[in-house]
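Here is what each chain is made of, one letter per residue.
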Amino acid sequence: MTPDNDLITGRCPLATAVYNARNPEMLCSSSRVCWAWCLLLLFTQFARASDWRRPEAQLAEKIAAVTGPGVVALEVANRSSIGTSEADQIRRGLIASLASSGVQISEADPVAATVRVTLSESLQNYVWVAEILPKKSDASVAMVSTPRPDSAVNPQPALPLTLHATQLVSQPDPILDAAILEGNPRRMVVLGENAVNVYEFTDGHWIAGRSLAINHDRPLPRDVRGRVVLRKDHLFDAYLPGLICRSTNASPLELNCSRSDDPWPLQTEDFGVSDFFAPTRNFFTGALVPGIGQQKSAPAFYSAAALPRGKSALWIFAGVDGQVHLLDGMNDKIEANIRWGSDLAGVHAACRQDWQVLAISAESGTNDSVQAFEFADREPAAVSALLQLNGNITALWTARAGDSATAVIRDSETGNYEAVQLTLTCGQ
Amino acid sequence: MKRCSSLLLAASSLWLTVVSVPARAESRPHYGGTLRIAMKEAPQTLDPAAAGVPASVSRLVFETLVALDDRGCPQPLLATSWQSDPGSQRWRLFIRAGVSFHDSTPLDSATVAASLRNSNPQWKVSAASDMVMIETESAAPDLPAELALARNSIVRRSDGKLSGTGPFAIAQWDAGKHAVLAANEQYWASRPFLDSVQVDFGKNDHEQMLSLDLGKADVIEVAPESIHRARAENRIVMTSESEELMALVFAHDPGSEDETHARNALALSIDTAAVNNVVLQGGGEPSGALLPNWISGYAFVFSGAGSMNRARQERAQSKHVPAWTLGFDASDAVARVIAERVLLNARDVGITLQLTNTGNSDLRLVRIPLASSDPHLALAELAKALQLPQPHFENETTADLYSAEKVLLQTHRVIPLLQLRRAVALRSNVHDGSMPPDGIWSLSNVWLSGEKP
Chain Y
1 MTPDNDLITG RCPLATAVYN ARNPEMLCSS SRVCWAWCLL LLFTQFARAS
51 DWRRPEAQLA EKIAAVTGPG VVALEVANRS SIGTSEADQI RRGLIASLAS
101 SGVQISEADP VAATVRVTLS ESLQNYVWVA EILPKKSDAS VAMVSTPRPD
151 SAVNPQPALP LTLHATQLVS QPDPILDAAI LEGNPRRMVV LGENAVNVYE
201 FTDGHWIAGR SLAINHDRPL PRDVRGRVVL RKDHLFDAYL PGLICRSTNA
251 SPLELNCSRS DDPWPLQTED FGVSDFFAPT RNFFTGALVP GIGQQKSAPA
301 FYSAAALPRG KSALWIFAGV DGQVHLLDGM NDKIEANIRW GSDLAGVHAA
351 CRQDWQVLAI SAESGTNDSV QAFEFADREP AAVSALLQLN GNITALWTAR
401 AGDSATAVIR DSETGNYEAV QLTLTCGQ
Chain B
1 MKRCSSLLLA ASSLWLTVVS VPARAESRPH YGGTLRIAMK EAPQTLDPAA
51 AGVPASVSRL VFETLVALDD RGCPQPLLAT SWQSDPGSQR WRLFIRAGVS
101 FHDSTPLDSA TVAASLRNSN PQWKVSAASD MVMIETESAA PDLPAELALA
151 RNSIVRRSDG KLSGTGPFAI AQWDAGKHAV LAANEQYWAS RPFLDSVQVD
201 FGKNDHEQML SLDLGKADVI EVAPESIHRA RAENRIVMTS ESEELMALVF
251 AHDPGSEDET HARNALALSI DTAAVNNVVL QGGGEPSGAL LPNWISGYAF
301 VFSGAGSMNR ARQERAQSKH VPAWTLGFDA SDAVARVIAE RVLLNARDVG
351 ITLQLTNTGN SDLRLVRIPL ASSDPHLALA ELAKALQLPQ PHFENETTAD
401 LYSAEKVLLQ THRVIPLLQL RRAVALRSNV HDGSMPPDGI WSLSNVWLSG
451 EKP
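First to last, the sequence lines map onto chains Y and B.
Under the numbering used here, the final residue of the first sequence carries the number 428; numbering is consecutive throughout.
Under the numbering used here, the final residue of the second sequence carries the number 453; numbering is consecutive throughout.
Here chain Y stands alone, though its shape is the one from the complex (with noise of 0.2 Å):
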C-alpha cells in the first residue's frame, strides 16, 4: 500500500528554501515585478485548477502501473469542494487517460481489480487517492495532488433621485481615498497607506502613473483612515492620521509629508470648519475649529455631513458612541431613531435646492448599501433608492465641489479595494 511519489506538487512554493531565494516580501521589491509576479502566479493556480489533464493522466498511469492492461470497475468520488459537473469532467478524463495506458472500464464481472478515486482536498492541494483492490493480491493506494487556487449598481424606482456609483480605480491594497484634478489630461489621486498614486485618464481609462511613497516614523493605527483634499494654491493635501503630506503645484509631482496634528476639513473647505483627528485612532476628537455657531465641540465623531440652511448649517455627526448628532450651532440633538453607519457624505445633487447626505445602511446583510436623504424638518427622508454594494464601504468622503462623493468599497468577494464615485441624478 506504498504509493509512487507525486510528480505535482503544491506546498508553499514563494516560501521554499533554496539558497538565495527570496521571499515573497524580497520578490516584491518593485511593484510592476510583483504585479506581473502575482498575476502569473494567480494565472498559474487557476490555469492548473481548470486543467485537469496533467494530474488525470497521473494518476492514470499509476494506478494502470499497479493494475497492468486489462478490465477494472472504477468508482469515483468526490469529497472536494470540485463541482460536480466538474467532477464528472474528471472521471471522464480518466477514463480516457486509463484507456490509453490499456486499462479498459467495466461495471460487470470479471474484473481484474476496483479502483475507488477520491478527489480530496487538504489546506493546500488538491487530492485524488486511488485505492486499488486487486482480486488476486494486495491493495495498494497510489495518489496525486495539484495546488488549489486562492482563492453595482441597481437602483430601484420611485424616489426623485436617482443614486450612480462609478468605479475609479481597482486594487488588493488598501484605498484610503481618491480624487479627481479635472484638466488636461484629467488625472487622479488615490491615497493609500504608503503611497499616493497618480493616474492619467487616457482613452477612456485610467492609466497608472507615478507613485508617491510617504515614509511613516510610526505605525498607523488600525482601521487607518486618510483624505485627500484639493487645494487652490497647490495641487492637494493627504491627510493620514498625525500626518500631513502637501503636493507640489508643478511637474514633476512631489509630495512632502510631515508629522502634523492640524485639523481635517469637514466636508467641502467651502464650509470653513475643520476638526482634529485622533492621531492614534480612527475616529475624529469633536474639537472643531472653528466652530458651529456657537458650538466648540462635537461628541467624537468617525464622519459628518452639512446640510446648508440659509446662512447657517445643520451638521450630522456619525458618533462614536453609535448616535447620530445633529448640530445646528446651539443644540445637540442626538436622534435616537436614525440606525446609520459610520460613514456619512454631504452631497449637493444639481436639480435640488437642498444638499443630501449619504448614509450606509444598517438594514444591509453582508454587503453594504448606501442611500441619500434629506433633513425636511430635521427628520431623514429618503431620497433616492437603496444602492446595494459588492462589498463594505471602508471610506466615504464628500468630493472636492460637493457635486459627488468619493466611496472606497471592499468587495466582498475577491478582497479588492475599489474606489468608486457615487453621484446623484434626477429622476430615473
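By construction, these hints were calculated from the structure, which means they are not laboratory data.
Quick caveat: nothing in here was measured; it's all calculated off a predicted structure.
A portion of the hints provided could be inaccurate.
Claimed, not checked - Here are the simulated DSSO-like cross-link-like pairs (lysine-lysine), alpha carbons at most 27 Å apart as the crow flies:
1) Y:K135 to B:K406
2) B:K161 to B:K124
3) Y:K136 to B:K406
4) B:K161 to B:K40
To be verified - Beta-carbon label-pair distances, calculated as ranges:
5) Y:D88 to B:H392: 35 to 41 Å
6) B:S449 to Y:D262: 29 to 35 Å
7) B:D130 to Y:S170: 33 to 39 Å
8) Y:E86 to B:R231: 28 to 34 Å
Idealized CB from N, CA, C, for every residue including glycine.
Put chain B on the given structure of chain Y with help from the hints.
Same frame as chain Y, now just chain B:
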C-alpha cells in the same frame, strides 16, 4: 511584497468572512474596552517555551519570527525574510527593524538568538548584525514553519521577567488564576483596538458558561460535546476545523505477533461513530488517521470505522491476549465516559481492559492538539507528543506524507479514535474574532461595541 501580501490577505479575509462572526458591516471598529475571557487551562507561566501554555493567550504577548497564513504557508512576522543553503540545514533570517519589547528594549539579533537557543538547545544559533543564523543537525526544510510554533516565540528574559513584542503586554499575572494584558501602545503592527484583555484561568465548562450568561465573560471555550447544545441555544459560536486528536497510545511496542493481532482487534472493536454521536454529540469526527483530512487530504484512506466481525477475526488470530490497563485524565469527565465505552467494546471481542488513573498504564486515552497547519510539521509534532519515532520524509509531496503517516500507524503503538474541533462562544458585543483552522483564536483585531473610546 505589499501587493503580494494583500492578495494573501484578501484570500485570508475571504476565509474569515465564512467562519468569523460578522461585525456590523455598517460600523467602524471601536477602540477601547476590556475583553474578558474564561478558559479551562490553568497555566503556571505564560512562558511560551513551557508546556501547557495556551497559545491563544501567549500569542497576544509573544510573537514568532514567522507566522503561518490560512493555507499553512510561512509568512514574515518578526523576521522579514529568510534564506537557506540547498541542504536546508543552514538558515539565515533577517530581523525586522523598529520593533521593541514591552520593556522598551529594541528587538535585536542577539536577543532573538538567545531566545531560540533557550527553546531549541539542539540548534546552533548565532547572531550577526540584523540577522540570526540557525544550523540544524539534519536537513530542516520545514524550519520556517517550525519557527511559527508558539514555543519558538521570541522572549526577552531578564531578572525572571518575561517580555514580548506582541500587541499586548502582561500587566497582572496570578499564576493559574488570572492575567491582565494591556494594549501595547507602541506595537509595531498598530496598537490593538482593545485596551486590555482579562483572562480567568481554571474555569470548568459549567463555570465558563455561567460567566458568559451572567455577563462576566465575553469569550469562553466550548467543549466539543457542548457545541451542538450551544448552537441550539442560539449562542454565537465559532468553531475550528478538527484540530485535536483523541487516540489510544500504548506505552510500548507490541511484544509479539499475538499482541499485534490483539491491538488490531481492540482498534476494530471500538465504535467511534457511536462515541462521536452519543458522547460528543457530533463534536468530532471518527478517524483512523493521525492527521485530519483538511490538512492531509487522504485521512479517509485510514478507515476509523469499527467492525466487530473483523475485530473477532483478529482476536481469533491471537492465542494469548494480555489484560491491559487503560489510563485516562481523571479531570476530564468526557475522557472517563469514552474510556468506559472502549472498555465495553473491547469486552465484546474478548479483550480485558481495566481503567486506571495512575501514571503507569499499558495504554492511555490522550488528546493531542494539532501543533501546526503545516502538514509535515504537524505529523512530526504529533509523533513527538505520542512518543513515536520521528517520521522520515523523503520529499515534500502528499504521497510522501501519507507514507510517513502509514509507517507511524504500522508501529501499532497508537489507535486514532476521533478528530475533535475547538470552539468558543462569544457575547454579541465582540466583533471580528476569528478562528483559524488550527483553533488558535486570534484577538488582535477584535473590538467591542458599546465601549467608549
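Tested hints:
1. Proposed proximity of Y:K135 and B:K406 is supported: the alpha carbons are some 23 Å apart, at most 27 Å.
2. For the hint linking B:K161 to B:K124, the alpha-carbon distance of about 25 Å falls within 27 Å, and the restraint holds.
3. Restraint check for Y:K136 and B:K406: the C-alpha separation of about 23 Å stays at or below 27 Å, so the hint holds.
4. Taking the CA atoms of B:K161 and B:K40, the gap is near 25 Å; set against the 27 Å cutoff, the hint holds.
5. Take Y:D88 and B:H392: their Cβ atoms lie about 39 Å apart, and the range 35 to 41 Å holds.
6. One distance hint, 29 to 35 Å for the beta-carbon pair B:S449 and Y:D262, holds here, with the actual separation near 30 Å.
7. Taken as a hint, the range 33 to 39 Å holds for the pair B:D130 and Y:S170, whose Cβ atoms sit roughly 36 Å apart.
8. Taken as a hint, the range 28 to 34 Å holds for the pair Y:E86 and B:R231, whose Cβ atoms sit roughly 32 Å apart.
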